[in-house]
Every structure is written in structure tokens, then in C-alpha cells.
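K.L.:
From first to last, the protein sequence lines are chains A and B.
Under the working numbering, the first residue of the first sequence carries the number 1, and numbering increases by one thereafter.
Under the working numbering, the first residue of the second sequence carries the number 1, and numbering increases by one thereafter.
Because the hints were derived from the structure by calculation, they are not lab data.
Bear in mind that the values here come from a model prediction, so they are computed numbers and not experimental data.
We treat Cβ as the ideally placed atom computed from N, Cα and C, and that holds for glycine.
Some hints could be false.
If we take Cβ atoms under 8 Å as the criterion, some of the chain A residues that face chain B in the derived model are [as the list claims (entries may be wrong)]: (1) Val159; (2) Trp192; (3) Arg244; (4) Tyr261; (5) Arg291; (6) Thr339; (7) Phe390.
In the EDC-like style, the derived pairs of lysine to aspartate or glutamate whose C-alpha atoms are separated by at most 16 Å in a straight line are [said to hold, decoys possible]: (8) A:Lys94 with A:Glu58; (9) A:Lys184 with B:Asp140; (10) A:Lys184 with B:Glu162; (11) B:Lys347 with B:Glu162; (12) A:Lys96 with A:Glu77; (13) A:Lys96 with A:Glu143.
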Amino acid sequence: MENSYTGRVLRQATVLIVLFLIPSSALARQDTVWDFRDGNVPGRWEVRTMAPPTPSPEGLLIHTESAGHMLQISNLEHDIESVSFTYESARALKAKMLFRVRSGGVSGPMLELPFSVQATHSGPTTVHLDVGVYGNWDPRPTEIGFFFPAGTQMLLQEVTLSDFNATEKLWQGFLSFWTYDTFKSYTVNFVWGPRLATTPAQRMQIFARTPPRAGWGNWVFYTLAIMAVATIALQRLRGRIDTRKGATLVAATIAALWLLYDARMGTEFLYYAVHDWRTYWSQELQQRVLRGRGGFHAFAEWAAPRLREEEEYVFLPVVDEFAGFLRYITYPSLPIRPTSGTGGHLWAVFLRPDVAVNQSGSLMQNGQPLSPPGTVIDTWTAESFLFQTFP
Amino acid sequence: MIFVAFLIGTALITAVGWYALRAAEGSVHVLWWWERAAAGFVLGSTLSMFAVFLAAIAGMPLTRWTFCAVLLGSLACIAIPVLLKHRMQPHSTLPTAPSHSLSIIPGSLLFWGILLLALWTAVKVATGAVLLTATPPFQDDVINNWNFRGKVFYYAQEFTLELQRGYGVVESDRVSSYPPSVPLLKTWYASLYGTWHEGLVNAMHILWYLCALLLLFGALCRMVGTGWALIGAYALSSIPLYLIHGSVAYADLFVSIHLFFTLSQLLLALRATGDAERSAHLRLGALALALLTFTKNEGIALYLPILALVAATVFLYMRRKGAAIARPALWTGTVLLIIAGPWLLYKFRYGLPFGNAKAVSGLQFAWQPGVLRAVFINLFFEGNWLLFMPLFVLLLLREWRSAFAWPLLPATGFILLAFLAQMGVFLFTSVSVEALNQTGVARGVIQLLPIMVMLAVLLTRTWWLRHRG
Numbered sequence: 001m002e003n004s005y006t007g008r009v010l011r012q013a014t015v016l017i018v019l020f021l022i023p024s025s026a027l028a029r030q031d032t033v034w035d036f037r038d039g040n041v042p043g044r045w046e047v048r049t050m051a052p053p054t055p056s057p058e059g060l061l062i063h064t065e066s067a068g069h070m071l072q073i074s075n076l077e078h079d080i081e082s083v084s085f086t087y088e089s090a091r092a093l094k095a096k097m098l099f100r101v102r103s104g105g106v107s108g109p110m111l112e113l114p115f116s117v118q119a120t121h122s123g124p125t126t127v128h129l130d131v132g133v134y135g136n137w138d139p140r141p142t143e144i145g146f147f148f149p150a151g152t153q154m155l156l157q158e159v160t161l162s163d164f165n166a167t168e169k170l171w172q173g174f175l176s177f178w179t180y181d182t183f184k185s186y187t188v189n190f191v192w193g194p195r196l197a198t199t200p201a202q203r204m205q206i207f208a209r210t211p212p213r214a215g216w217g218n219w220v221f222y223t224l225a226i227m228a229v230a231t232i233a234l235q236r237l238r239g240r241i242d243t244r245k246g247a248t249l250v251a252a253t254i255a256a257l258w259l260l261y262d263a264r265m266g267t268e269f270l271y272y273a274v275h276d277w278r279t280y281w282s283q284e285l286q287q288r289v290l291r292g293r294g295g296f297h298a299f300a301e302w303a304a305p306r307l308r309e310e311e312e313y314v315f316l317p318v319v320d321e322f323a324g325f326l327r328y329i330t331y332p333s334l335p336i337r338p339t340s341g342t343g344g345h346l347w348a349v350f351l352r353p354d355v356a357v358n359q360s361g362s363l364m365q366n367g368q369p370l371s372p373p374g375t376v377i378d379t380w381t382a383e384s385f386l387f388q389t390f391p
Numbered sequence: 001m002i003f004v005a006f007l008i009g010t011a012l013i014t015a016v017g018w019y020a021l022r023a024a025e026g027s028v029h030v031l032w033w034w035e036r037a038a039a040g041f042v043l044g045s046t047l048s049m050f051a052v053f054l055a056a057i058a059g060m061p062l063t064r065w066t067f068c069a070v071l072l073g074s075l076a077c078i079a080i081p082v083l084l085k086h087r088m089q090p091h092s093t094l095p096t097a098p099s100h101s102l103s104i105i106p107g108s109l110l111f112w113g114i115l116l117l118a119l120w121t122a123v124k125v126a127t128g129a130v131l132l133t134a135t136p137p138f139q140d141d142v143i144n145n146w147n148f149r150g151k152v153f154y155y156a157q158e159f160t161l162e163l164q165r166g167y168g169v170v171e172s173d174r175v176s177s178y179p180p181s182v183p184l185l186k187t188w189y190a191s192l193y194g195t196w197h198e199g200l201v202n203a204m205h206i207l208w209y210l211c212a213l214l215l216l217f218g219a220l221c222r223m224v225g226t227g228w229a230l231i232g233a234y235a236l237s238s239i240p241l242y243l244i245h246g247s248v249a250y251a252d253l254f255v256s257i258h259l260f261f262t263l264s265q266l267l268l269a270l271r272a273t274g275d276a277e278r279s280a281h282l283r284l285g286a287l288a289l290a291l292l293t294f295t296k297n298e299g300i301a302l303y304l305p306i307l308a309l310v311a312a313t314v315f316l317y318m319r320r321k322g323a324a325i326a327r328p329a330l331w332t333g334t335v336l337l338i339i340a341g342p343w344l345l346y347k348f349r350y351g352l353p354f355g356n357a358k359a360v361s362g363l364q365f366a367w368q369p370g371v372l373r374a375v376f377i378n379l380f381f382e383g384n385w386l387l388f389m390p391l392f393v394l395l396l397l398r399e400w401r402s403a404f405a406w407p408l409l410p411a412t413g414f415i416l417l418a419f420l421a422q423m424g425v426f427l428f429t430s431v432s433v434e435a436l437n438q439t440g441v442a443r444g445v446i447q448l449l450p451i452m453v454m455l456a457v458l459l460t461r462t463w464w465l466r467h468r469g
């Protein structure tokens, strides 16, 4: 009796799930693609205060000495939840996406979404914009466009404006649940845990922001636990299962959810080591990058033996945070300030494009002399080196 | 050679701890040998470095020979009387296996399940060991406190409060106010090896993690059997932030083991059937309590008053039940005085504060907005504790009759008092920034976690047995 009842419940649940999914999957994901290749220019664009872009077989050439923008009226028949651009660019720059929100059903103010364009050296690259990060994003803007700063040299190939259906969002949620953070400074104090995104762009950038802009994965566990316990309690109240079996089912549910969560967080922990292997341990010293601190730790490993030969040295880091770390690594050799006047002869410079050696052999920062004359004794990169002043 | 240095360094401090525990046990051996080894390593670390601290402030340099002399001298002073007493008066009771041991049939589903989880745990621990020993120092507290002080002691070859932070900055009160046990341990390993090696001085942290799992397993084994003990050990091992703390060079996990050993011995004393066994557990707990004061500042400032209250309540309860508690109480007071006394005197002598790198005396009290929400998110939504926190709260509510009755009352009371005290600091003082930035809340919970897991397992068993009949 009990088994046939359970079977009936399972069959009913399966039917309900399928019925729920059918209408959702019938509304497929909707994309509007503006393909600028082969000389195409989709839509009618209004260009202001910048040189008009030039259509070409490879894409839309945007080459402007002055900042400006290009806009077109939006006649999209779907919401915009994600935007991606495929481009090539001669230099890195900060562009903006423009959209005019609706206000009371009519056009309202123009809002701006900044995004970074990287210099591309080996072919086109695609950037995905998580538009939901902007709290005032309107999924049906009346106008859409771009702002480009002065000096832009860019080839815009394709823009995709996407809307996702429920099934697609569920799939992104599943993928994002298994998207891992890396070991960061805050990891010793907390870990975000699984997060739930609804678009690919959101998923790709989950842990790029603090706090992450994505739903809490714990809601999955709480929802499943509450549903399971409520179902078991209902069956118990109806007398279909006894207390013993109910307790076993509750314990099994909690155990299963715990094991799932352990699998999720345990694999993230293993990923910390995988990430360190890929970016640090498996790389040559000069290519090593550690957990968001770039090449600093590799630089410190390279510079420390020389720095330890001195009692004091001057350290010019790109951020002050690195000074404490280098101080620890080189201790008992200690860093001093450039202006301390205690005669430190060895200078360590890390990622300082503003610091260079002038013609008289002194270190200069933005045209101002920093040190007595000396010489670069070892070079890590053009912006990171060791400098020794003459006795 | 580095491995040899680690082995020798670990063996020596474990031996000190081993015989200290044997001395506390007296004629009744209540610990299994692997429990005594695990507790011996952790408590022996604190005890050894306390002895080194005394020698250092008496003027002895912090060299390899001083360390060796102090450790060997301490070992001789503790071990010889124990061995002589053992020869004259052999130990009587061995810890008996619990009546409800788990029988695991090789090849059964349970066997494969346990094996799989054990392998999974081993993989995670091995990963943690690699992260701990093979990556450069990454966290602020490592380079500013624990490892930094150890390095200062190593190069200065003396115990000093003055920390040269570079740029002309000399600090002598903030992190120097912490007990020096953890930094001295690092100095010990480096002195033994002959050079400062990050992997060597950090390796002990993952060992502490393993000791925490072993000690939790042992305590639960004795209380409720192997099966529940395995559940408890797995639960603790699967909590992400606890594993992370075993994989970084911080000291909160170190504190958690001292706290756990103190509380678990109190609970075992309550369950003991004879005066000799009870007294052994009480003395063991007292030793751990005394050594707790030499771990981190919160050992004295936060936990000692609460544990003193809990212990006093336990003693009064035992006396009401007709147990002989005079001598264990005297032992507790004596050991506390011997260990906490000199450290407290030193702190007062040099005006060292009691706060967490901040003085508590200067704090002003006012409601701090946003803290409750930050704590709630930390406990119930972030991935720090898996599902442990909601389960723990539900268990306390569901099994409140057991949780707030003897023999579990000391553990429940301690957890709630300690948690409320921590929350009080976050909710009403400027230390709230540690909660709002999520930098301080978890540390306090880490320190309480093994006790919480033990309590959760005991309450789960109560629930299970009542519903399963």
C-alpha cells in the first residue's frame, strides 16, 4: 500500500514538473544580434561629437580623436537582460553603454553603464555586461547606444542583446551554483558559498564584485529542506508513515543536503589549490600571479635575497599594502621612507610606471628627483627593478 | 632535514604535553593513547612555550639550546615523577569502549560510505596542507602578528615586546599584548632547523586541525559510541571555514582545541561513575583551562570568566550529588595560578592591553546598527558553516529539555554565554566594524565550533533515539 502511494506521489510530481517546464521552454531565449561585419550597420544610428564610424568587412571601425556617442532608437520586442560585445581594440579604454530609461511610459533620463575595453593583440575578444548590476537598469530602454572616449581605435564586430527564459535562467542558476570563488584575502574570515545567477554575464562575474551580485545559494538548501520536511510531516499527520520512518526520512534529507553542500564547498576548496597551481606553482617565476595580488609575491621572492643583504632599503610599491608583506619577507632587513635621510642605498621599485631613472642617474617620480645618483642593478620588468645609489 | 626538524620539534613538545596529561590523569588513565598524543601536542605546545617564556623573561636567550634545555628540563620535571609514580602505583582504570560501538562489516554499504568520506576528508586535508606550506604568506595577521613575532624572536634571539615594522615604526603594545605561545612555537621550529622556513613554521596548523578532529572523535566515542563520533568528526571536518583555518597560520583553531578539551573533560567528569575517574577528567579540564589563558587575549578576557562560572556551577552540582570535588577544585585553582598568574603579572607590569589588538578599556558603548544583519548573513547565508548553524539552532529549540539540563547544561550554557558576550562586543562597541566587514564574527565562532559540533551530535542522538524508539 505504502509503495503504491509513494509511486503515485512521484508520478504526480513528475507530471507537474514537466507541465511547468513545457510552457517555459516554449519561450526560447531571445537574442537580438547587431552584426557589424561585412559592412553591415544594423539600425539607424545618430552619431554625435565624434568622427562617424566606418563600416568595413571586419566590422565597424570607430576611430575618433574626440569623445562622442552613437545612439539608436530601440524597437526590440524583448527585454534586455545581458549585453555582450565582440571587438578588437588598439588600446585599453573606458567606454560606456547608454540607455534611455522609461519614465511613466515615456522616455526618461539617459543612464550610463561604464565598461572596460581591453587592448586586443591576438584577435577579437568578447565582453559580457551584467546589466543587472545597475539598480536602475530598464530592460526595455527607448534608446540604446555607446559612448567612446577621445582616442578610441576600435573595431566593433557584434553586439548581442539577450533575454533569457525561465529554463535558461534555471540552467544558469545551476551552473552558477557550481561556480567557485578563488582564495582571497577575505577567505580566512568568510566564504561566500554558492551563489545563483540568472544570465551568463552575471555568472561570469559573480565573484568579481564584493559582495557578489547574485542570489544566495543557501535558499536552495532551505527550500529543499522545508519542502521535504513539510511533506514528511504531512505524511506523518495523515498516518501514512510512522514516527520512526518519518525520523529516518528527515535525517536522510538533512544528510543528503549536507553531503551536497560539502561536495560544493569541498570542491571549491580543492579549486583553491588548482587555481594556485595554474597561476603560481606551475609558472616560471616571472609569470607567477598569486590570488589577486598580481606578480607581487613572485617579485618579492626574486628581490628578497638581495634586499636581505642590506639593513635597510627603500621600497616604492604600487600599493602600500605590499610594504607590510615585503617587510615581513625581508625581515630583519627593513624598509624605510625615501625621505628618511638615513642613507638607504638600495631601492626596490614595484609596478611604478611613474618612477624612472633620469639622465643624471637619479630615480625620478613625475619629474621630481627621488634619490641620489645610482644605477639599476637588476630588472624584473620595466616598471619593477632594484636600484642602487652610488656610495 | 626539514622533515626531521619538524618531527623532533613536534615530538619533544608532544612528550611534554603527554606527561603533563598523565600527571593530571593521576592513577586513572582516562584518555586513549591517541587522544593523549593529540591533546599532548596541542596542550604541550602551550605548556612548553610557557616554560620558554618564563626562561626568556628571566634572561635566557631564545636560541636552539635554550629551547632544547627548557623543553628537556620541563619534560624531565614532569615525566620523572609520573614514571616513578607509575612504577610505585600502577594505573588502574583504562577507558572502556562504549557499550554501543559501531560494527562496520567490510564490504557493506556503511563500510564504503565511511571509506569514501574518509578519503574525501583526507584529500581536503592534504590540499589544506599544501596551501598552508607551499604558498607565500598571504594574510595580514600572519605577517603582522603570529609569524612576524616568531621571526622577530628568532632573529633577535630574545623575547621582546618591541616590533620593528619598518618606516621607523616601533610597536610594543598591540600584537605584543598577545600571549607569545604561537610565535614562540614558530621560533622553536626555526631554531631547531637553523633557518626561518615558512612551510616548516606553518605546518603545525594543519596538525592542530587533525588533533581537533581526533579529540572530538575521542570525546564523542566515550560519550555516545563510535558511530556518532564518526558523524561528529565528519561534520566538523566538512565545515569549510574550520578547514580553512587549519590551512592558514592563524591561532583561532588553536584556541578552539583548548576550549574544547576544557569543556569535554567537564562533561566527561559529569558522566564519570567513580571519584577517581571524575577527578582525572576535572584535572585534565583544569590544565586545559589554565593553558587557554596563554593562547590569545580572549582566553583571559572573554573565556576565562565564563569557564570559571561554568566550572564553579559544575563543581557545586557535583558536590550536591555527593562527589568529592575539593581536591580537583584546589588543583584547578593551583594550575590556573601557576600559568595565568605569571602571564597576568607580566601584562600588568608592561601595561599590555587585553583586547584583540585593541584595548578593551577604551571602548565606548552604544548600539551599532547593521551588526545583527551582518551576523545573520554570516551564520545563515554565507558558505562558512554549511547548514550547521540553522541545524544547531533547531536542535537547541527542539531538544531544549536535554540541552538545558544536566549533563549538557555546562556546554549549552558556555556556548550561549560566550556567543552572547561576543555579540555584545559587536553590537555595542566600535569593534562592530569587525562584524560589519565580516572580519571578526567568524573568528569567535571558529573558537567555539568543536564544542558546538559535540553538543549538536549529542542533541541529534537524543532526538534520534526518541523518535526511533
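K.L.:
Each of the hints needs a verdict: does it hold here or not?
P.N.:
To see whether the hints hold, each was checked on the structure:
1. For Val159 of chain A, the interface hint is violated, the least distance from its beta-carbon to any beta-carbon of chain B being 36 Å, above 8 Å.
2. Given hint, Trp192 of chain A at the interface with chain B, holds; its Cβ is 6 Å from that chain's nearest Cβ, closer than 8 Å.
3. The criterion of a C-beta within 8 Å of any C-beta in chain B is met by Arg244 of chain A, whose closest approach is roughly 5 Å, and the hint holds.
4. A cut of 8 Å between beta carbons decides the hint on Tyr261 of chain A: the least distance to chain B is about 5 Å, and the hint holds.
5. About 7 Å separates the beta-carbon of Arg291 of chain A from the nearest beta-carbon of chain B, less than 8 Å, and the hint is met.
6. Hint on Thr339 of chain A is violated. Least Cβ distance to chain B is approximately 11 Å, over the 8 Å limit.
7. For the restraint placing Phe390 of chain A at the interface with chain B, the shortest Cβ-Cβ distance is roughly 24 Å, beyond the 8 Å limit, so the hint is violated.
8. At roughly 22 Å between alpha-carbon atoms, Lys94 of chain A and Glu58 of chain A are farther apart than 16 Å, so this suggested pair is violated.
9. Annotation: proposed proximity of Lys184 of chain A to Asp140 of chain B holds, straight-line Cα distance about 12 Å (limit 16 Å).
10. Between Lys184 of chain A and Glu162 of chain B the alpha-carbon distance is near 30 Å, which puts this suggested pair outside the 16 Å criterion.
11. About 14 Å separates the Cα atoms of Lys347 of chain B and Glu162 of chain B, which keeps this hinted pair within 16 Å; it holds.
12. Taking the CA atoms of Lys96 of chain A and Glu77 of chain A, the gap is about 23 Å. The hint is violated against a cut of 16 Å.
13. This hinted pair checks out: Lys96 of chain A and Glu143 of chain A have alpha carbons roughly 14 Å apart, not beyond 16 Å.
Violated hints for the displayed structure, listed by number in ascending order: 1, 6, 7, 8, 10 and 12.
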